[in-house]
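> So the protein lines, in turn, are chains A and B. Counting from 1, one number per residue, gives the positions in the first sequence under the UniProt record's numbering. Counting from 1, one number per residue, gives the positions in the second sequence under the UniProt record's numbering.
What you were told as hints is all true, and nothing was included just to trick you.
Some chain A residues near chain B, calculated using beta-carbon distances under 8 Å:
{"#": "1", "residue": "GLN97"}
{"#": "2", "residue": "ASP154"}
{"#": "3", "residue": "ASN247"}
{"#": "4", "residue": "TYR434"}
{"#": "5", "residue": "ARG540"}
{"#": "6", "residue": "PRO544"}
Pairs of lysine to any residue residues, derived as SDA-like cross-links and limited to a Cα-Cα distance of at most 25 Å, are as follows:
{"#": "7", "chain 1": "A", "residue 1": "LYS424", "chain 2": "B", "residue 2": "GLU383"}
{"#": "8", "chain 1": "A", "residue 1": "LYS424", "chain 2": "B", "residue 2": "ARG164"}
{"#": "9", "chain 1": "B", "residue 1": "LYS571", "chain 2": "B", "residue 2": "LEU25"}
{"#": "10", "chain 1": "B", "residue 1": "LYS397", "chain 2": "A", "residue 2": "PRO371"}
{"#": "11", "chain 1": "A", "residue 1": "LYS508", "chain 2": "A", "residue 2": "VAL347"}
{"#": "12", "chain 1": "B", "residue 1": "LYS424", "chain 2": "A", "residue 2": "ARG164"}
{"#": "13", "chain 1": "A", "residue 1": "LYS16", "chain 2": "B", "residue 2": "GLU548"}
{"#": "14", "chain 1": "B", "residue 1": "LYS423", "chain 2": "A", "residue 2": "ALA171"}
{"#": "15", "chain 1": "B", "residue 1": "LYS257", "chain 2": "A", "residue 2": "GLU129"}
{"#": "16", "chain 1": "B", "residue 1": "LYS423", "chain 2": "A", "residue 2": "GLY349"}
{"#": "17", "chain 1": "A", "residue 1": "LYS521", "chain 2": "A", "residue 2": "ILE570"}
One side of the interface only, derived from the structure: several residues of chain A facing chain B at Cβ under 8 Å:
{"#": "18", "residue": "GLU10"}
{"#": "19", "residue": "GLY152"}
{"#": "20", "residue": "THR250"}
{"#": "21", "residue": "ILE428"}
{"#": "22", "residue": "GLN435"}
{"#": "23", "residue": "GLU548"}
Quick caveat, the hints were computed from the structure, so don't treat them as lab data. Ideal placement from N, C-alpha and C gives every residue a C-beta, glycine not left out.
The residues making up each chain are set out below.
Number of protein chains: 2
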Amino acid sequence: MDSDYGVPRELSDLQKTRALYRPELPPCLQGTTVRVEFGDATTAADPAGAHVISQAFPHTYGQPLAHFLRATTKVPDAQIITEHPAIRVGVVFCGRQSPGGHNVIWGLYEAIKLHNPDSKLFGFVGGTEGLFAQKSLEITDDILSTYKNQGGYDLLGRTADQIRTTEQVNAAMASCQALKLDGLVIIGGVTSNTDAAQLAETFAESKCSTKVVGVPVTLNGDLKNQFVETNVGFDTICKVNSQLISNVCTDALSAEKYYYFIRLMGRKASHVALECALQSHPNMVILGEEVAASKLTIFDLTKQICDAVQARAGNDKYHGVILIPEGLVESIPELYALLQEIHGLHVKGVSVENISAQLSPWASALFEFLPPFIRKQLLLHPESDNSAQLSQIETEKLLAQLVETEINKRLPYLQKEGTYKGKKFNAICHFFGYQARGSLPSKFDCDYAYVLGHVCYHILVAGLNGYMATITNLRSPVNKWRCGAAPITAMMTVKRWSRGPASSQIGKPAVHPATVDLKGKAYELLRQSASSFLMDDIYRNPGPLQFEGPGGDAKSISLSVEDQDYMGRIKLLQEYLDKVKGIVKPGCSQDVLKAALSAMASVTDLLTIMSSPSFGGRAPI
Amino acid sequence: MDSDYGVPRELSDLQKTRALYRPELPPCLQGTTVRVEFGDATTAADPAGAHVISQAFPHTYGQPLAHFLRATTKVPDAQIITEHPAIRVGVVFCGRQSPGGHNVIWGLYEAIKLHNPDSKLFGFVGGTEGLFAQKSLEITDDILSTYKNQGGYDLLGRTADQIRTTEQVNAAMASCQALKLDGLVIIGGVTSNTDAAQLAETFAESKCSTKVVGVPVTLNGDLKNQFVETNVGFDTICKVNSQLISNVCTDALSAEKYYYFIRLMGRKASHVALECALQSHPNMVILGEEVAASKLTIFDLTKQICDAVQARAGNDKYHGVILIPEGLVESIPELYALLQEIHGLHVKGVSVENISAQLSPWASALFEFLPPFIRKQLLLHPESDNSAQLSQIETEKLLAQLVETEINKRLPYLQKEGTYKGKKFNAICHFFGYQARGSLPSKFDCDYAYVLGHVCYHILVAGLNGYMATITNLRSPVNKWRCGAAPITAMMTVKRWSRGPASSQIGKPAVHPATVDLKGKAYELLRQSASSFLMDDIYRNPGPLQFEGPGGDAKSISLSVEDQDYMGRIKLLQEYLDKVKGIVKPGCSQDVLKAALSAMASVTDLLTIMSSPSFGGRAPI
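Given these sequences and hints, build the entire structure.
Below, the structure written as structure tokens:
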């Protein structure tokens, strides 16, 4: 099985040209000196969970942020590393494949070799299974040559995205020790990075000298927080899907007789659906977050879509395009409850054939109402992260069927009060999943992944453990990007839920998928245009992913409109505090000191109130 | 409904750049003089059907080929047209939407206006329904501006691809007369062009002065014969689909745990599947033509795929990609027979619910064996051309299910003689249909369609009726393209089949879809690599459709390898004959004359034998 990994392969003309593309490095990573400045100790984004997290991660919680600086920056307390003894690093594809993953390896390899040609990079083959089984190959120029700027994870392969059980963690540690690794880089999404943090903690506790670093690579775009603006792969996936959605919109408009229901990948969160909607302007997009916030039932949703179809029929329009995120099924309250019951029965060991008989009367009634194909899909075993097998549940077909039934009920010739007057409703369903995931990565994803690879090296030579490589200010050109690292524990939250009477449970600390921010600018942009999208068919076709000319350098719309740069602001705050210190030195006038005290007292009061749990608690993301 | 047609719309950056692209014209169409040379009278490709066709088309059968020449060519008997009175032309999207259709209109418009600014072009809105209802709009620069080099048919829209019943033909004629049209250009595939020929014949018979011209625009690539090398849209569709197939191949190779079954559009013929296989090198492609030629049953096919899966498992490979043309279901003998029975019951007016009860015992047994989802799909009403609703029949799911069942039977722990030793078989199914059809057209399709539009004008000013616009030598650069026109009747064949004992029926003459030539070079290329594709995973990723840089000017592989240029050879033969005439003039020596007679006698004998029905009959395509 492993024999094919790392084998150079034949490339098409376009792939060859892409293989020659060389991403730029931001100024802070250029040269052979690593300069790192540490910020304040971090806390958790959710203050209420801080205690739980700190207990679970005694060795790795509360570490400071790290900023990597240009060689020429004059920062007095920056740590300057000019000696680079040879190091040994391992890298593993842990999460699901996402375009750009290969470039993390390339960037890491280049940084390692640039600082000391005797350093070595080992890739674990076959993903986590290779890590556990100590199967690796040394990365070389030759091996990388046909994988630079290319899609997929086929250089090393992947298996499950889990390093969690004691056996798995011990096997990973044994593997790192056998290869005498100074560092282990884990490429993946929320699950893999949670596991990376746990691995770092266990390694630290066991005095294993391997440092663990995580890299945010997931097409879902849901590893998003104050430190992480977007993920490697998201840009490409949204561009490839938007092209296809736009093609379908053009098709709908040409024949004017079909409603297309398109389900998109993205797991629980609807980031992909939101971005694709902003790029291609379909008639409707149903975000899981909206549905969850409004507690819409499947019947409410059906009615909403039917009302839209009816309104369009009123304008003599019998076509349309509706986007549905694959996570929608878990956002619809009663379907989620049903899935939870099914999941509970799975855990109890009830066989698939017997599950339906053991459902509660309420869940059973819903289950029996659903069409057979969807029943079968709901009964599938859950994924490794306990969520339903979202890619296998054809929510788009369920909605299309329900809408068709409801529209037919509204036809005047079937009942007198018929409100839908017009042509027959025709639905065509699509799932845009695996056909985008293996795409050649966009220029942005190539750049982002390559630079993140470099950042991983800087983290390792700074001796940091349990950190994630971060780049902020991503919407600016590469030469304005800020590179740093944040402890993964600072991105964790703790889930609380009550199950049964008078018992309350708290979950394990984890990096949880970030949902679409319904107060964010990207969502606001969508809402502003929603009625025009619905009625006016202002479809937009960004076209196929380009590497030259217009669109080649485009970034995702949600990244461009959202005002992020948290790391930049953290640095700016530090500068203000330093300035105050600089002005109010011993020897300054009493008046200046009094003014400073008074001003700082009110600032402190204000921030204390804003940060109290009763004010909302959670730090804004 | 019509209010949206022809409305300028907002374009993305890439669309704007594409809208500025200007295809080149071959030398023969440059300038304002039209020079046309007529070849010999045409016959039908199928000599056996010639009589039937000539009887059905008394006014339009047997017309000569037409070649359009450069203004500077010295051909004594070429007709030279320098006067260009204002003309009025109508154009209608008739077939299914295919990328590049808008450029036919653009090219036609430019040619019309170049030769006389007072000439007018009218587009029928809403496709054939607009033609019947006399709904049209005048094409202007302004209307065209945002549709140049853009996908879809949304400038004018389309409805059904049929102009066939007496009412429809009469309505079309009334429409042409009401608008005082000198010409009507019909954009479509095999069905639409057959209808165009019929319309031309009826118009000629009724002394309606409108000339009818067909243009070969169909993504299926099945309007292929000695005059037509490829169709507008085929190149784009194959490129978009090949990108997606390649992405899936990369994905398969990254995780090594799924078999992907991908169904491709293309109707009855497998041209799209063949071309995509040549571009992306999936593990298997099942061509309908192979299946039909070998009379493989669905069980044979299942076994073939299972054997392949088993052979790969022997090499520790548990992933793969299998392409399936949508027309496959009609190529499998027993499924075709079942579909024919169902179709017969539809025609008899049997309702869908009662069909299964009225099937013959044999067909009923097969029907009951099939999974419920496919039964439902087989019962759908047939399309306007009497074929099954291929886009709705999920053959890929049927095969995946049958393969899974069979592989499970081969597992050793279920039966002692288990031959499949390895991991679980997992299938994921995809249908790549509507998401490619609305794509921005490739450069080739933009050029081809635009030049065809110009050719239509030349056909009309030459006064030709019932012709199709043709361009040959397409694999060479545009400046080597040969432009001409061939009577549509010369592309027709007559189908014969026996139904029931001692009765034989012949069908109506029609342009029939050309199937993949199993003796052709493209197919040979596939067969040469088939075992390597199957076992070695030599996937190739042509990448997303590019408009600049590598791949931007690529043409389809089947076009590039096939040795066509029939029209060029017809011209070359004429030159040889003229040369013989030139050498053997009255006054030449007796010896020369004797040699010429002897040589020509043997040539004539040879050709007579080769063209006799007993020798194979059909002209090679």
